[in-house]
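A.B. asks: Sequence:
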Amino acid sequence: MSNIAYPYPNLMPWVRGNSLWEYSLNKGDFFDFKNGVDNWDYYSSIEIKCKLIWDIKEAFKNANLYPILNNSKVVFLLTTGSGQYGIARKKVFEYQLNEDIELLNTFIFNLKSNQISNIVKLRLIICTNEVEINGFHYRNGSILYDESANLELEGNLARLPVSKEDLSQINFRYKDAIWYVSFRAEDFYETFTNTYHLYLNSKNLDIDFQLKNNKFLVQSIKADTIATIIRSSLLDDDLNFDYQEDYPEFSLGFVLKNWLKNFIEGPSDLQNLIKKIKSSPNDFNCECQSIFCD
Numbered sequence: 001m002s003n004i005a006y007p008y009p010n011l012m013p014w015v016r017g018n019s020l021w022e023y024s025l026n027k028g029d030f031f032d033f034k035n036g037v038d039n040w041d042y043y044s045s046i047e048i049k050c051k052l053i054w055d056i057k058e059a060f061k062n063a064n065l066y067p068i069l070n071n072s073k074v075v076f077l078l079t080t081g082s083g084q085y086g087i088a089r090k091k092v093f094e095y096q097l098n099e100d101i102e103l104l105n106t107f108i109f110n111l112k113s114n115q116i117s118n119i120v121k122l123r124l125i126i127c128t129n130e131v132e133i134n135g136f137h138y139r140n141g142s143i144l145y146d147e148s149a150n151l152e153l154e155g156n157l158a159r160l161p162v163s164k165e166d167l168s169q170i171n172f173r174y175k176d177a178i179w180y181v182s183f184r185a186e187d188f189y190e191t192f193t194n195t196y197h198l199y200l201n202s203k204n205l206d207i208d209f210q211l212k213n214n215k216f217l218v219q220s221i222k223a224d225t226i227a228t229i230i231r232s233s234l235l236d237d238d239l240n241f242d243y244q245e246d247y248p249e250f251s252l253g254f255v256l257k258n259w260l261k262n263f264i265e266g267p268s269d270l271q272n273l274i275k276k277i278k279s280s281p282n283d284f285n286c287e288c289q290s291i292f293c294d
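Under full-length UniProt numbering, think of the first position of the sequence shown as 1, with each following residue one higher.
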């Protein structure tokens with residue numbers, strides 16, 4: 001967790017300590033972010049609780065900014081993406097400040113499963129409208145307080161962007177398949193979760209029940225998805241993977257390199273692995289099951 005300062009009068013010098021960040025999985029008990037989530041899957045629901053350990057009104061008064069409290073609000077942003085393709089931010093919660101009421105110091109909101117992947121990156125800000133105070137002109141959206149926190153998800157489908165589709169619409173030959181993994185990447189710097197998608201066949205009406213109650217199905221999908229991404233990445237003539245390259249965190253190259261450490265010891269072994277994938281795909285698939293199935 002971290003916070004930063006801005007080059008104009010703000011609340012930061014008057015705040016002592018970061019907020020308390022907790023999560024609740026599937027309406028259960030709340031746990032500290034530092035514990036991470038070890039049983040997340042795409043169909044889980046997650047609730048976020050952020051508790052300030054300082055008083056908002058008191059901080060505004062100490063910073064001599066109380067006259068603009070009514071012009072300010074608390075906003076929570078969900079941050080996604082990394083590397084050369086930039087970062088996207090989505091507002092997930094907003095709370096208008098008002099000097100005439102007792103202000104909340106604990107904020108609770110839900111996140112949709114299709115908004116997140118393997119790491120939840122949240123940002124808490126307090127910002128103001130366009131105002132002028134103490135000789136300073138604040139533009140609309142000027143940040144008075146800024147703090148961020150990350151929650152790691154380590155569940156079975158934590159890394160899988162998923163949706164239910166009629167697979168016959170993708171290819172008629174897939175009409176009775178259980179799932180289909182789509183993969184397309186421009187290069188290894190692309191954000192990992194933008195390069196592939198897992199489609200579950202909507203023809204299987206009880207697929208939700210199966211995923212929640214059949215661990216072996218979930219593990220099979222997970223292993224097959226990872227095997228598909230590795231094969232597609234290494235065998236695509238338009239993609240040139242460099243094992244010695246320092247790829248950005250959360251990029252395709254970063255994730256692929258971490259996966260490959262389960263198969264090879266270094267760059268000199270990469271060509272042998274590629275030959276193995278080509279000549280013995282069944283052996284490679286079985287290794288993926290052995291490595292990536294819990």
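Source of the hints: derived by calculation from the structure; they are not laboratory data.
Warning: the hint list may mix true and false statements.
As the list claims (entries may be wrong) - No more than 27 Å apart at the CA atoms, straight line, and that leaves these computed lysine-lysine pairs for DSSO-like:
no. : residue 1 : residue 2
1   : K34       : K49
2   : K121      : K203
3   : K34       : K61
4   : K164      : K175
5   : K112      : K57
6   : K261      : K275
7   : K164      : K215
8   : K121      : K275
9   : K73       : K91
10  : K164      : K91
11  : K49       : K212
Keep in mind the model is a prediction, meaning the values are calculated, not measured.
A.B. asks: Against each hint, give a clear statement of whether it holds in the structure.
C.D. replies: Quick rundown of the hints versus the structure:
no.	hint	result
1	K34 x K49	holds, 13 Å
2	K121 x K203	violated, 34 Å
3	K34 x K61	violated, 32 Å
4	K164 x K175	holds, 13 Å
5	K112 x K57	violated, 31 Å
6	K261 x K275	holds, 17 Å
7	K164 x K215	holds, 19 Å
8	K121 x K275	violated, 38 Å
9	K73 x K91	holds, 12 Å
10	K164 x K91	holds, 25 Å
11	K49 x K212	holds, 25 Å
Hint compliance for this structure: hints 2, 3, 5, 8 are broken, all remaining hints hold.
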